[in-house]
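Chemist: When you get a sec, could you build the whole thing from the sequences and use the hints?
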Amino acid sequence: MIETSQLTKRYGHKLAVDQLSVQIQPGRVTGFLGPNGAGKSTTLRLILGLDAPTGGSATVNGRPYRQLPVPLREVGALLDTRAVHGGRTAHDHLLCLAHSNRIPRQRVGQVLELAGLANVAGTRVKGFSLGMGQRLGIAAALLGDPGVLVLDEPVNGLDTDGIRWIRDLLRGLAGEGRTVLVSSHLMSEMELTADHLIVIGQGRLLADTSMRAFIAGNSEAATVVRSPQWELLRPLLEARGALVQSEPTGSWRVSGPDPATIGAIAAAHQIQLHELSPRFSSLEEAYLRMTDRTVDHRAGLRLDAHLTTTTGDEG
Amino acid sequence: MPTDHLLTQVRTGPATAGATIGQGQAGFLQALHAEWTKLRTVRSALWTLAAMAGSILGIAVFVGATRSLQPDDTILGGSLTGAAFGLIVAASFGVLVMAREYVTGTIRATFIACPRRRTVLAAKATVTAVSMFTVALGACLLAYQIGTVMLSGHGYAPGAPMPTLLGVAACFSVTGLLGLAVGTALRHPAAAITTMFAGILLPSLLGPLLGDWQRWVAGGSPLAALQKLSQSSDAAPEVAGSLGAWPSLWLICGYAAVALAGAAALLQRRDV
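Residue numbers (the numbering used here), protein chains in the order written: chain G, 1 to 315; chain C, 1 to 272.
Take these hints with a grain of salt, some might be off.
As the list claims (entries may be wrong) - Residues of chain C clear of chain G, computed beta-carbon distances all greater than 12 Å:
id, residue
1, Ala26
2, Pro71
3, Ala129
4, Pro208
As the list claims (entries may be wrong) - Coverage of chain C stretches by chain G, computed from C-beta distances (three or more under 8 Å per stretch; other residues unrestricted):
id, stretch
5, 41-52
6, 98-106
7, 114-122
Note that these hints are calculated values from the structure, not bench results. C-beta atoms are modelled at their ideal positions from N, C-alpha and C, and glycine is treated no differently.
Modeler: Given below as structure tokens:
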């Protein structure tokens, strides 16, 4: 388990992490969301003991990271794929890490196999694609067979197969009872992978809740309606205060009345319906709705500004 | 990608992993093992060691072939002319042992694997000191043999190789350690190497300007200690300080110890 308590980090005048208190539980994938610059990477660095907190504390399995006796046996981390000397082979890079925690040599071969890198084990890392680098980072994280995994943007640069592989891997690891904390700004991917969400913005905790509750709590109830007599139905719905929007598929999205009410109105006026389906928001929509409500108006900054326009990773 | 097959392997991991991974341990010896592996698995590090030995040997051959010695020079001193160049390579080597990790980002992986940073520094210092000493001693012994073969019978005194050569090799270790300390403190290879060059070359230039302080400043360069140890005629008190050969070596050992302690304090305190 990972626990932060009043965790605070200040860089000069900028408060990167602001009194963050969360517990990341084992047995599920916890998604760590927030726009670029929200403090995700800083929080992960604080958890891993790379940065020292200005205030508060972060512990892994009850201890500050720097006090873990054999860190790689307890925590596997992927921070950025560039953290490798380009002149070293994949095998040698992992071997150096293995030696530092007295992990036997044959485990290096195992994790290379696991990450799908067995055939490039002897290749120098500078020739690796972004996706291969990412796989090497995952292999390094799994080296000590740790009970806690901390992964920053693991799907960056991976192709469809790779993304699927990571998703199955993370769900599998959580299914084995491990603690899995994974940050991403790719909402659609997170929606498929994570069970639980921690959302931060400007270093502060915005939400700490299950995926289902988060989407339900930040959804706009809507119903998708398709009807050959839409021109008749529309004024009837609008008279009831419904908000209608056209959908690209030719159907209409109706917010306000629930599906039963819409059905009853249509029946009462003998209007044919070809489709009447309740519609749930995606994680992305729920996220944008929530962050819209927590906009920093004084600064005129939209929290989601970066999120919707960039796919780059955090610095 | 045979995803399902691989996934099965992860799932069966915890049950079998304990057996294959054992208890693990992450102390000084493990850090040392890791640092040694880092050194031998990067070609550029091995090339640096080769360049260091090569500059010592190459110049020994040149001096032997051209007999470019002062009449009062010893064969030992003449054969070790190239050691001054080797010393500059040693400084760069020490710098890169740490600074290269900052450039490549490997430092984060290193500190995640071994969060006790002073242990990492101690391991790097050990690897640096031992590899510098070994390579320098081997190269200097060979250089002296080359000099002896090429210059004997031309009226030069042979000079006393022992314990001089041990002191010269120690000079390389200390220079490497100074480089490691400066590389750790500055983190940028170019800045650290420039600083080391200045530290090696400036004392002999500035020393004469400083009056009574000269012996501490001019004698405080690893180069001064090296020149005095190798009984070179370049080691005039005006340029190398008035301190004796071995006291010069002890002095730079002291400087290196202070520099490493400072570097360790910075390393412990700073964010990565």
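Chemist: All hints, please: hold or fail.
Modeler: Taking the hints in turn, this is what the structure says about them:
1. Distance check for C:Ala26 against chain G: the nearest CB is about 5 Å away, which does not clear 12 Å, and the non-interface claim fails.
2. Distance check for C:Pro71 against chain G: the nearest CB is about 47 Å away, which clears 12 Å, and the non-interface claim stands.
3. A cut-off of 12 Å between C-beta atoms confirms that C:Ala129 is not in contact with chain G; the least separation is 19 Å.
4. The beta carbon of C:Pro208 is kept farther than 12 Å from every beta carbon of chain G, the shortest such distance being approximately 43 Å.
5. Counting residues of the stretch 41-52 of chain C whose beta carbon lies closer than 8 Å to any beta carbon of chain G gives 4, which meets the minimum of three for the stated coverage.
6. Judged by the Cβ-Cβ criterion of 8 Å, the stretch 98-106 of chain C is covered by chain G as claimed, because 5 of its residues qualify and three suffice.
7. Counting residues of the stretch 114-122 of chain C whose beta-carbon sits less than 8 Å from any beta-carbon of chain G gives 3, enough to reach three: the coverage restraint holds.
Going down the numbered hints, you'll see the structure goes against just number 1.
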